[in-house]
Amino acid sequence: MSTDTAQRAHRRTRVNTLLLTAPLLAFIAVTFVAPIISMMTRGVYDPTVHDIMPETVAALRTWDRQGLPPEEVYAAAARELTIAREERTIGQLATRLNRQAAGLRSVITRTGRGLSRGADPPWSESLPAIHEGWAEREVWDTLLLTGDRLTGDYYLNALDLQRTVDGDIQRQPESRRVYVDLFIRTIGVSLTVTLLCLAIGYPLAGFIAHAPPRRGRLLLTLVLLPFWTSLLVRTTSWIVLLQQQGVVNDLLVWLGLVPDAERLTLVYNMTGTLVAMTHVLLPFMVLPLYSVMRGIPIVQMQAAASLGATWPRAFARVYLPQSMPGIGAGCLLVFILAIGYYITPALVGGQSGQLISNLIAYHIQTSLNWGLGAALGTILFIAVLLLFVVYDRVLGLDRMKLGA
Amino acid sequence: MNAIARSVPDPGRWALGAFSTVALLFLIAPILVVIPLSFNAEPYFTFTPGMLTLEPEAYSLRWYEQVLFSDEWQRAALNSLVIGLSATVLATTLGTLAAVGLSNPAMPWRRPITALLISPMIVPIIISAAGMFFFYSSVNLTQTYTGLILSHAALGAPFVVITVTAAMAGFNRELLQAAASLGAGPLRGFFKVQLPLISPGVISGALFAFAASLDEVVVVLFMGGIEQRTIPRQMWSGIREEISPAILAAATFLIVIAVLLLLVIEFLQTRSENRAGKPAKS
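Chains A and B supply the protein sequences, listed in that same order.
Going left to right, the first sequence walks through residues 1 to 404 as our numbering numbers them.
Going left to right, the second sequence walks through residues 1001 to 1282 as our numbering numbers them.
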């Protein structure tokens, strides 16, 4: 009897705790998880061609792919292009086809215009008369290729690959290979920033961790101040400091290290990105290092020294191994944050300092190639997710803390 | 006496101190340099000769006037406040409830649920913003206050979950049993006993969430219309388009806010270490 009541009570508490977390779970599911899923699907779902030219695509599927398609396919294309022009969806169609094969935009838009002026069957003659592109295979092959609602093209594009009409996958022409290099550059920049943060953060964290408590607390507050200051403020500061007529160049000229006529270009390029990102991410390196180092008994170093170890030897054998968890946590955290960095490169990076996230923003805001933006975003998302799985395995996500 | 230094030979000790001082300067100086420059009488971003010789005419409040009395900046401040406060209330309420649930030993699937709840803090902001842009535009919530408040609440909630969970770790559950034995129902026990004791964690979480919203620009950039321009959004266009020292004046305000937030958090953390109804150590 009593075990039964106990069990029932236990079950009730379990349900209660779930009920307490349910509102936030539901909230995050709708406001955050759904958006991420919608991004992932946007990269594989593009109904443009299928919805605007359904009959043409259906007719093309029955085509034997010998020579040019039969008259009925031309007729369907002429009919649906006329409708698309009236409904003003022809621009979307032209953009979608042009992404797959450069040059098709003008075929579509000129044909739309030509048809609106009036044209007569047989369409297999009048369409090529409006634009010679209709007498070639490319436009038909591309329509067939993009006719599915589901497409892997955006993901292929994000990896500098493309699909041929025969279904083979090959590399993009050299002039259109951008993204693999950009992913590599992003990883390179993130590694550089991580190493810079470690080089600066390790000694600093050690100094703070083993300072007398009161002074340590004060120094830690100084590390936390930039952490709390608006990212935009910190980025503005670096523009102010690093620009050609800025404080750093003024100082260098005044010291006579740099002639006035040859002021250094320190911002709106890769240098600016590296300096500003290191500054922004340094606290994320110092804090985990600090919390680990504080627990390392410094008397062990003295013991090693009294046993005759030189300082570097004592450091390498006694201190460094014990600080490894802090190095792991700090490096992983900084690397993960760096790889998805957007604001700082966008503002101080110029042309050469752009990273993958800047291209995602570009495709969403400027080029309006949402499918490609979504595909790039999903690849970055998966990369970050994998890194966090590593973080969780090695260090435990639930031990993540805020502040000191 | 610096303890690590004692084990390090003298020149090494000196070098470590010097290196750390330079590293701290690297962290702090760029932020502080903005403050005097915001009083520049000239529209430049560097110290004029007059400023260096401390001539009073070289300094002015013109950029502060420009920020304080311009419609654009006033509107941006109001937007930041409205969006930030609404998102904070939402995130703090939901986050505190969830953290109380998560801290109960009986909570099933704790690890995956925690991971899911703090994921908005972990996913790079560009990815969250892109996803939110796609999703919210499909339900017509882009360029609305509602859309921004919901997204900022999602981004702020993990901070509340983490700080409140930490505060709950120091909470003595026997106090709730004591309250129950004295006849208090679960709700009364929560509001009268538990909430006051974990309040430092709740308040720090709320401050983190508010600060996150106050500094957020990417989601606003993707989703906000002209109506919803916030302070960071205003600074963003200032930096990108017509860069003027007015931005430095706005930056100075934000630095002051940051210092205040930092001090309050430090105070709360010291306080929560001293209370939270920990079981008496004997």
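None of these hints come from the bench; they were simulated from the model.
Note that the structure is a prediction, hence the values are computed from the model and not measured.
Misleading hints may appear alongside valid ones.
Label-pair distances were calculated between CB atoms; the ranges are [what the hints assert, rightly or not]: (1) B:L1260 - A:W311: 24 to 34 Å; (2) A:R171 - B:L1260: 51 to 61 Å; (3) B:V1259 - A:L385: 29 to 39 Å; (4) A:I184 - B:P1049: 15 to 25 Å; (5) B:P1049 - A:L195: 32 to 42 Å.
For glycine and all other residues, C-beta sits at the position ideal for the given N, C-alpha and C.
Results for each hint:
1. Under the hint 24 to 34 Å, the C-beta atoms of B:L1260 and A:W311, about 42 Å apart, miss the expected range.
2. For the pair A:R171 and B:L1260, the supplied restraint of 51 to 61 Å holds, since their beta-carbon distance comes to about 55 Å.
3. About 35 Å separates the C-beta atoms of B:V1259 and A:L385, a value consistent with the hinted range of 29 to 39 Å.
4. Our hint of 15 to 25 Å for A:I184 and B:P1049 is violated, since their Cβ atoms are close to 46 Å apart.
5. A beta carbon spacing of about 40 Å between B:P1049 and A:L195 agrees with the range 32 to 42 Å that was offered as a hint.
In summary, the structure is inconsistent with hints 1, 4 from the numbered list given earlier, while agreeing with the others.
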